[in-house]
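S.K.: Sequence order for the protein chains is A and B. The first sequence lines up with residues 1 to 153 when you count with the numbering used here. The second sequence lines up with residues 154 to 777 when you count with the numbering used here.
The set of hints was computed from the structure by calculation and includes no laboratory data. Owing to the predicted nature of the structure, the values given are computational and were not obtained by experimental measurement. C-beta: ideal position from N, C-alpha, C; glycine also. Mixed in with the good hints there might be a few duds.
[To be verified] One-sided excerpt, in silico: chain B residues whose CB lies under 10 Å from chain A:
(1) 191
(2) 224
(3) 375
(4) 378
(5) 488
(6) 626
(7) 634
[What the hints assert, rightly or not] Using 27 Å as the maximum straight-line C-alpha spacing, the simulated BS3-like pairs for lysine-lysine come out as follows:
(8) B:470 x A:59
(9) B:751 x B:617
(10) A:3 x B:411
(11) A:136 x B:316
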Amino acid sequence: MEKVNQIIQKWNTDPDFVIEMMQDIQDEFRCIPREALEEVTLKTKVPLARLYHIVTFYKSFSLTPRGKYEIQVCIGTACHVKGAPLILDSFTRELAIQIGETTSDGLFSLEGVRCLGCCSLAPVITIGDNLYGDVKVADVPKLLAKYKEGNNE
Amino acid sequence: MNRIQSGDLNNIREKRVHEIKKFKAALMVCAGTGCVSAGSFKLKDLLEKELKERNLDNEYMVVPTGCNGFCAQGPIMVIQPDGIFYQKVKPEDIPEIINKLIEGKYVDKLLYKDIETGNYIPKMENIKFFGKQQLIALRNKGIINPENIEDAIARGAYNSLAKALEMNQQDIIDEVKRSGIRGRGGGGFPTGVKWEIAFKTSQEKDVIPYIICNADEGDPGAFMDRSIVEADPHTVIEGMLIGAKAIGASEGFVYIRKEYPLALERLEIAISQAEEMGLLGKNILGSDFDFDIKTHRGAGAFVCGEETALISSIQGKAGEPRQKPPVPAISGLRGKPTIINNVETWANIPVILDKGAGWFADIGSGDVSDSPWNGSSGTKVFSLVGNIEHTGLVEIPMGITLHEIIYDIGGGIPNGRKFKAVQTGGPSGGCLPASHLDLSVDFDSLTKAGSMMGSGGMIVMDDKTCMVDVAKYFISFLKDESCGKCTPCREGLIALYQILDRITKGEGKNGDIELMEEISQTMSLASLCALGQTAANPVLSTIKYFRDEYEAHIKDKKCPAGVCKELISYSVNDNCTGCTICSKKCPVNAISGKVKEKHIIDPELCIKCNVCYEVCKFDAIEVR
Ligand SMILES: Cc1cc2nc3c(=O)[nH]c(=O)nc-3n(C[C@H](O)[C@H](O)[C@H](O)COP(=O)(O)O)c2cc1C
Ligand code: SF4
Ligand code: FES
Ligand code: FES
């Protein structure tokens, strides 16, 4: 909870910045815990119902924890045309999870994002902070294996 | 750093130019998002190390820059002042690059090779992709270190601000109006007119207006704004300062997508450097003008790019659009007049003040001397992506044709395939067929043809793209992104999606096309915001230009482009050499065959994952 308070302080408990606070909370805990929301309500006086509305409205937030490595598959137009749906299929197949889910070992979660702004490299994905361009279906098992071994360079 | 006065800008520029001149050459390493993912930071560090070890660091300098717009060939390195262009540079190339540089020669294998002649082209300006462009918004791309304000000042940054500070407010607005510039974020509303509304309203009501920069860039397949902010954040800040001075604002906001962490970081560095120098904050450049900029990160909602939704999001609420009027220029953030402009619009403002409205108005198409609505002045940045030889960012004068962009600049369609369509205008734009390639690229021509200028995404599609699938893609995108506030948009998109989904699965019925047209009409008439009003464009334009493809899906249950999974099958043709790679890679073991013999795919087992097609080197996999 101390962490949550630090985050709230960073934004000067300004109610205009609750979305920013929650983005930091999401980054910290990989989800938005209920206790954190209560703390934000207490400090900023923004009603809990509005915070829930925000959490469910914006795609960045999740109420259940996301995986250690968040996989984002770009499903923007340029990537779509260059085969993103096939890449997404291969992730759901290899990980046996759907978009929005996390693997049972807590290692990976899978999201589709609307464009990573690297459309020249389409199809593009990110795993954690790393961005990969020109991804092929055949690359997916190799990439996942690398992260499973904890070698994510 | 000291807070500076207007007169100091010149000194800083001269000092920096002098410093740069001491070096024999500058190695500009692209540090835009694309090149960073290809390893450009490491490259920069190694370059610096090598130069130091060889005692050359006083002769050659290494400068990290923003995106050069040629990301697919990254990491990019440009050696100035000669403009030598290297692509796909690897750490092991560094010693040779330096050796050749000292000898005044080039490393041939890193040069760009002309696709027609096969000749190496050493200089950036001689590469067709770059040579045909005209840079205004992107004038500093690849030339400055975006994290060094003095580099920006050396290229003239903040001069136009100094000019604006001497001008009267109405005169600034008139200058922008006369330039004819129209918003680059999608709507194409004349910027000067918007400013005037906000200025007049705040004077009448005696309130302080706000300034917002829209850097949400929701349009998938577009990265103009990302590149501008990454390459030259100061032009955006300067544009906002000029706007603020013009309408009398003292606070501004930049709303930027959280998917752009590098752009945000550069912007924040630029803001704090500008603050330190007294280019932001109180008494800017020694005048009585005060202005502050804060940044807000978007949290992943497309509709937040819409101005009223964005304003709601800045105030810490869910980003739902509201009824217009009143437009934000009359009642926006906290009920005050607010001008909200796109990143690229802001990036043009300093140049308009610097070179004059007349200069700007002469670029582009149409005659804007009576009204900005009569034409499209200036340039537009497009992100040219999809099935095209040279993907990247291009800034071109308005009014050139699609053909010039796609073939002369973009180099045409790769892999010997045929052009099928070009999509502009983002998710609610349209797809134009080959018969429209001679269309002039400006606000009004594109709208008339059933597409839109939009914010600048230009996605080229070859004959392996299924237009029904593309329509379904956009509708699915918009269905997920509709805020759900009004019924026609929410329900209309669900209905359209269901019909398209059926068609792509071979379950289309006679009358489906007509039904979709009817739903589209209702949505465009009855939706609250532009998302719903224009959402049916991808469906309508694909029906208009590619009706036979819909009919092939509905009547013949075929997907001619070989995309819709339920309607296609994979097989092996006689090109097969029996190399066995496909059978090894197939995740479900659907491929069998002996070494050096033709393989076969079991259609019962095949999950159509496309791995075999990808890995086959002999074009032996057929998708039909
Ligand atoms: C659904 C929707 C999404 C939009 N997304 C963006 C966006 O990502 N970036 C942008 O600059 N404008 C976007 N716009 C347009 C803005 O509402 C607004 O018109 C624009 O920011 C005004 O700036 P301009 O006049 O400089 O273009 C969007 C509009 C709609 C309806
Ligand atoms: S048109 Fe769609 S996105 Fe716009 S307000 Fe209505 S439901 Fe929301
Ligand atoms: S469409 Fe995928 S990165 Fe832009
Ligand atoms: S990031 Fe280097 S060219 Fe775009």
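S.K.: Tell me the numbers of any earlier hints that the structure contravenes, in ascending order.
M.R.: 5 and 11
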